[in-house]
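Undergrad: Take a look at the letters that make up each chain.
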Amino acid sequence: MANMAQAVRMALHFGEKHLGVTDVFGEDVGPPLGGVFTATQGLRTAWNTPLDERGIIGTAMGIAYAGGRPVCEIQFCDYAFNVLDMFKIAGNQRWASGGGYDMPLVVMTPNGAGIRGSLYHSHSFESWASRLPGWKVVMPSNALDAYGLMLAAIKDPNPVLVLLPKALLRAKDTRLIPGEPADADELSRMIDAPVNDRVGWEPNWPNLEDHTVKIGSAELVREGTFGTVISYGRPLPLCAQAADELAAQHYRTFDVIDLRSIFPYDWGMISRSVLKTGRVLIVNEDTEVTNFGEHLLRRVVDEHFYDLSVRPRTLMGKHVPGIGMNQNYEVNSVPQLGDIRTALWDLATEAA
Amino acid sequence: MANMAQAVRMALHFGEKHLGVTDVFGEDVGPPLGGVFTATQGLRTAWNTPLDERGIIGTAMGIAYAGGRPVCEIQFCDYAFNVLDMFKIAGNQRWASGGGYDMPLVVMTPNGAGIRGSLYHSHSFESWASRLPGWKVVMPSNALDAYGLMLAAIKDPNPVLVLLPKALLRAKDTRLIPGEPADADELSRMIDAPVNDRVGWEPNWPNLEDHTVKIGSAELVREGTFGTVISYGRPLPLCAQAADELAAQHYRTFDVIDLRSIFPYDWGMISRSVLKTGRVLIVNEDTEVTNFGEHLLRRVVDEHFYDLSVRPRTLMGKHVPGIGMNQNYEVNSVPQLGDIRTALWDLATEAA
Amino acid sequence: MPDANEDPPDIEDALLRRGARSTPYPAAPSAIRSGRDTLSVEVALTVFRQMLRTRAIEERSIKMSKSGEAYFWIGGPGEEAFNVCLGLQINKGHGPAHDYLHLHYRNAGIMLTMGMPMIDHTRQLAMRWTDRHSRGRNFVGHYSIPEWNVIPVTSVIEVQFAMAPGTALVQKRHGQKNPTENEGITVVVGGEAGTAEGDFESCLNWTTRPGQELPVLMLVTNNRYGISTDLDTVHTHRPIADRAIPYGMRYETIDGNDPVATWHGIDRAMRYCRRERKPFLLETMVSRLHGHSSSSGAQRNWNEADSLAAFEQKLIDAGAIDTNAVRALKDEAKAEADRAVVETMKEPEPTREDVYAFTYAESAVDTIYPKDFTGLPGAR
Amino acid sequence: MPDANEDPPDIEDALLRRGARSTPYPAAPSAIRSGRDTLSVEVALTVFRQMLRTRAIEERSIKMSKSGEAYFWIGGPGEEAFNVCLGLQINKGHGPAHDYLHLHYRNAGIMLTMGMPMIDHTRQLAMRWTDRHSRGRNFVGHYSIPEWNVIPVTSVIEVQFAMAPGTALVQKRHGQKNPTENEGITVVVGGEAGTAEGDFESCLNWTTRPGQELPVLMLVTNNRYGISTDLDTVHTHRPIADRAIPYGMRYETIDGNDPVATWHGIDRAMRYCRRERKPFLLETMVSRLHGHSSSSGAQRNWNEADSLAAFEQKLIDAGAIDTNAVRALKDEAKAEADRAVVETMKEPEPTREDVYAFTYAESAVDTIYPKDFTGLPGAR
Ligand SMILES: Cc1ncc(C[n+]2csc(CCOP(=O)(O)OP(=O)(O)O)c2C)c(N)n1
Ligand SMILES: Cc1ncc(C[n+]2csc(CCOP(=O)(O)OP(=O)(O)O)c2C)c(N)n1
Ligand SMILES: [Mg+2]
Ligand SMILES: [Mg+2]
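Protein chains in written order, with our numbering: chain F, 309 to 660; chain G, 309 to 660; chain R, 24 to 403; chain V, 24 to 403.
Distance condition first, Cα-Cα at most 25 Å in a straight line; then the derived DSS-like pairs of lysine-lysine:
no., chain 1, residue 1, chain 2, residue 2
1, R, Lys89, R, Lys369
2, V, Lys89, V, Lys357
3, R, Lys394, F, Lys626
4, V, Lys89, V, Lys353
5, V, Lys337, V, Lys357
6, V, Lys301, V, Lys115
7, R, Lys369, R, Lys357
8, V, Lys394, G, Lys626
9, F, Lys325, V, Lys200
10, V, Lys89, V, Lys369
11, R, Lys200, G, Lys325
12, V, Lys369, V, Lys357
FYI, nobody ran anything at the bench for these hints, they're computed from the structure.
This is chain F alone, in the form it adopts within the complex (with noise of 0.2 Å):
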């Protein structure tokens, strides 16, 4: 029942408790705030830097070089744009150097639109983010996720950057973390800081067990033979909800990948679901010249063009310089529910 900023929060105790993280850092990650949105609270090792993300992806890599285990933040991903340099020298150190050193690193940032944030709080990562070879990539859709692929994220010795759906940050899961307690309230009142003093705050943590979904493997959340759809974060309830609305209505039913990794991603079920149906969709929010999603078509059409019934989509964002505030550009830029239902459809009953 934890929401998913929560099941960071919790992802992140237990990763101090049992995984040797040593440091939890950005801009208002520690306390009083504890993470704009409070996704870093209560932690033991959680502090507050600099605002200069050069400095925070620097530090952390020094940490990392020097035998520690950090988890840093870009407030926004909007803001990592100054410093892909660095991102990009943390992936390719260990193959410059021959192996010599390892990169434990995680940085974590809230990604895409769909909080009204303007030019500078929807941004999507994930495309500039798949180009950083030595990277892995993962994006939950839902609370219980995040927990898992942080985990992951936390035990793998590479750099890991783990996309939050902004928009889904105070969604609540309908499924229990390990160790959580059954009542959302009772989560509340031990790991949420309270809003006013916070002076001599202190969690009461839940016992949290281990729950790691592994980098690479991606969830069927439905399934069906009318087409694939293949999604992750924000879009992805998006698409399990349009398909049941075809499922319920029309009786047209669709198999929904949840990616949950965007690098490495699940190929095999991908493949073995385009075998299946011949008819595929994929589907995120960031602009649509040069998007990821382009990369899995591509994929999709080296290897199964000749298995394809009809022609394999893409629903993406728009390419505009920016999500603008007003809602109207919004909704008109980022694939919504109705573009997908309309797509899904499309795509089930293009005669083959």
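Model the placement of chains G, R and V with the ligands on the given structure of chain F, informed by the hints.
TA: For chains G, R and V with the ligands alone, kept in the frame of chain F given last:
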């Protein structure tokens, strides 16, 4: 007969003289060196900056805001990654300000592998650049186009990125730039700075004429019927050569399209050719995950899926953390002539 | 009420470039004093009135963000003295003969004081198509006014400091070629936390190249916080202004809650930039009366010093104004803000068709986008 | 010749941590002097011999880049005094109890002096698979030696300054928990032009957070050029070391062409970092004897002061060594370099199969790449 570096230099001179260019600047761009590839030698408005890419792009934006006409250089595109945020802003400010300000900015930067540059003088930038809405991005494959695209970049009131294939900067064109003396040695005596003592040296510019290659216009450099090859920059001459070889040896001819403009691209020419041949190969040297070539493939699939006779293909650089210094790394990381020839052959001979 | 929005009254010689108009308040004492600095009552009352207007629009803005008329609020309650004193001393106009402004997101007071009508603030806050700064695209306070050299504000912290040398370079050259137009400077504003970004250093460095010094007034509004982070925990306890030292740049730290000190601090720094054509780093200590933004609740923080309340008391104590006049001014300012909001809410919002508009300027050398962006190349 | 490569002799107390061995040269005077600083003859001769070895490998490297044995050369001729004096004072070893080195691309002398065999330099230059730093992937001088805490050098200017606080943070904590292992510091080196990048400032800022100061020795080798760009044209004429002032950081500028001054400058700065667990900014003025790199020809520039020739003269003048002994040392160093090259050229190059190797560390939580990168996910 000019090489590409000379062509760029002449274009910038033309820009200073006729198009209002006020500043040509960057690291080592001014005297005494005139650019690490000599592309800015002898220019009246060239000056050296501090070693600070953020200052370069920021200052260029400021100059443009205040009515100047800046052309700035990032010494190698490999060093543009700490300033991607400002690239983004240069691209989005017009949209963000509701058309309040134009941003007549030209950034030029050497791109790609092929000079044994190891990890940090071998990056390709076009896939990154294509993700910058608001920008136009061009990449010549020969000196004449370099001249013509640079003039277009200067004339365009929007931010334009001119990617110069590092490996082709010293390649001479067989054609003359309008106004260029026919004798290459004479040109060199006129506009190449002496290698040693440059004190008091002044270029003697030929009387150059306008020659503009419009943004968004590709060139069909070979015509044929067995397939369509879409490329640009460094691999383009290799594609043409491979096509020539297959035509001469096996009577298989190809449309070879030099895209020249990465964004916007000449969809009309691509579309017509694909309709004609039904077979497509897209070639570039950038890394293959979330590569601009995958976007082109997606467009082809979107609009011509049912016009294709065989699986459309891409030939791109490997998803590696870097291009290694030893040539055994490079030749096995980025497409070589032999790879292109094989891919063309397969494309042409696959049974429909 | 006089239409002071469009054209604020003239004050002393710094303002001579604007048309003259006399102040409506009779001045009992001849000057308002703070330490060794004084301000004529005329100027002091103008500053006060503009501070009141600024506070009024900010408070109304916060209300909008809570009422649902708007969504996100960020702004400058607590920085009124700084904003107003700066706005009154700007050399306003278009092109390099005038000042360029690269602003932070807490500078409504500068704009109002320069003459921007309140409705140009609320239109952005309410995300209307009539929003002249961004067509409903950007957060409030992200102004863009080409006619006044106001460069589009972007949310990305500190990048304005990397751009400032560019406008100043054009200004310096312009003045060298046109000696009668040699007064324009570049004004760049940012918070203290943002100085940790490299761009702040870029500005220090690029404006002090030997023989190429640039007329940039670097302003740091130090409210001692970046969102929740106390400056003292992430930065050595020295003044931010010390950052000028390694570059031999002039610098000063002033009390931005004292309008008299602020007026003169800005005046000294500006005068230096204008005349010497060199940079100056001015740090102003300011308050943050409503927290960082609506995201942190925007509740009034009563622990912070309020420059406006203090100045009101000072003016009353000095006999420069009485409480009735103050009340009238406040009511006027609030009414002005209310009118702006009412008007704003009637105005149209952007539509689906507007998504791509203004991406590209017209180009004679682009075959695909000769006018503006129209979707993917060749898209139907 | 003693196998000084692997284990240089001990010098004074700064070196006590290494095993003792006596110097082979009889010392006529008792000390070599420069201003108020002195160096024992024993140390001076060790410095001299390591400088000779460094010069020998650099000159041989340039030759390789011209002969076709290698391709690109970049290095540190002219910085020998700095490199050697630093290398001799490093607390060498693995983990936070020892020094971390974040180096520039001109630091062969540090590595040789610390005991790296010459062949580990030439293997990288000749792009061999045996290159322990990068498997023939990176430019020469881009060292990486985990056993000695040598962080992989990257060509991207100044990023090492953003990483340095991270290693120092771990060191500081380690020392607090293990008081007997409280001497490790982080040493970070870069050129003067690179200080224009924001990362230099990040290091100043992140190492001086109040109560969280970090033991980082920030070293700037000021050769007055960035490629072709004269520092005086792009930077105010103040010492780079002044950049420490706004942070209250200790700083000094020393003559890096004077080994005696350099030794003590480094000693003072290091001692401070080690004991106070705080940062120090040390600027050393050095020469660039062969231009920027092979791209600019790598010709000897005879206008630049040569610390090695000057030190040779000084030692001879002081009677610490004679010309025959100097010649013998030079021959030895050259022979050592030649042997390294001959050996290197016999060694294998990387192959097609090696392209992806070492991209990823083994992971128990990755279903696609449990061992290493193997091409696109699921690729056949
Ligand atoms: C590059 C970047 N990083 C992070 C943020 C998120 N952010 C917005 S405001 C802010 C704090 C700014 O503090 P300061 O510079 O002191 O300005 P103030 O808000 O106090 O006026 C942060 C971290 C951002 N907008 N840009
Ligand atoms: C970020 C970045 N920008 C540009 C370059 C290209 N470049 C390589 S060396 C160099 C000059 C460095 O000068 P300095 O820092 O003084 O070091 P030096 O070479 O003089 O030792 C430049 C501009 C680079 N490597 N990295
Ligand atoms: Mg602040
Ligand atoms: Mg230098």
